[in-house]
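A.B. asks: Listed below are the residues making up each chain.
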Amino acid sequence: MADSPRTDHAAAAAQGQPPGIERSQRGSVLTYLAGLGFAIVLTLASFWAAETHLVWQPAVPVLLAALAVGQMGVHVVFFFHISTGPGDTNNFLALAFGIFVVGLVIFGSMLIMSNLDANMPAVPMDQLMKMQR
Amino acid sequence: MTVADPFTAPGEHATAVTIPYSERGPASAESVASFGFWLFLLSDVVMFSGLFAAYAVLADHTAGGPDGAKLFDRGYVLLETACLLFSSFTCGLMALAIERRSPLPTYLWAGVTFLLGAAFLGLEIREFTRMVAEGAAPSRSAFLSAFFTLVGTHGLHVTLGLAWLVAMMGQVITLGFRPIVVRRLLCFVLFWHALDIVWIGVFTIVYLGAH
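Residue numbers (numbering that gives the first Met the number 0), protein chains in the order written: chain R, 0 to 132; chain C, 0 to 210.
Quick caveat, the hints were computed from the structure, so don't treat them as lab data.
Quick reminder that beta carbons are idealized off the backbone N, C-alpha and C, glycines included.
All the pointers check out, no bait thrown in.
DEER-style ranges, computed between Cβ atoms:
#, chain 1, residue 1, chain 2, residue 2, range
1, R, A58, C, I172, 48 to 58 Å
2, R, M112, C, I124, 27 to 37 Å
3, R, M112, C, G134, 21 to 31 Å
In isolation and in its complexed conformation, chain R is listed as follows (with noise of 0.2 Å):
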């Protein structure tokens, strides 16, 4: 049915646009690059601020996520397609459900093992083995 992606224009619009097809087909091979060229000059960032003593130390983790989240917003614009347009409703509602899901697991798994971490008295293992018998 949908034989090219470029021909079943009525039914995109229809039922909106699947992820990874790229609206207008002139300037495509501007678009990888120009994605290319964003996640190269993130990456040697990224790399530069773990090395850098010009950054205040304790803010290199906030600055390297901050990288991180960036240059994931340029492949998923740039590689995947998927913007905020009308077509992409499904898509861009699935990945901001999804990211809500990966944000609950890692911040949710690190908060609840740091408390109880930090409730947990320090009793060697084998005291501890004793204690429960």
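Fit chain C to the given chain R structure using the hints.
C.D. replies: Positioned in the frame of chain R, the structure of chain C alone reads:
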């Protein structure tokens, strides 16, 4: 980037408004396949988030063994990152060749993508064998168990992706650019881009986060 954007863009809604939802009919097979695969990729990323959480919790628990700062070589990781990033780019060029239905550029960019992916995998296997030879095996500490599980699962995805790429090239040779083959190829392209996104998390949290 706000969630409300898709609904508030003025003027762009005109095509959607003219046909009621109930009369639009089923989506094209291509839309269904790509969107379903997009959902699979998101679930795969959720699985990786569990491994990332385990690594983040266990990263400091080295049990007296070597820690990340001692084991990781950032120049080496930058090389791995470059291989995967450029393979993602050539994979995008392959997607453009597939949309034009031109076989020769498809084979060319698929070949380059395969070689760069294989180079990444080779570098990773060399890193793993070096670490195990230095006594930093997965059983040494909780940190190393988490490290090998997270990075190894990503490497396993890359391995499966390479096998998938070879299988798809076989299908293009034998079946040509049939709609079903094109759908599978586009799913592969999405899979390969997703692996690069996961790798951004790996090199940031695992390799650059070690200090």
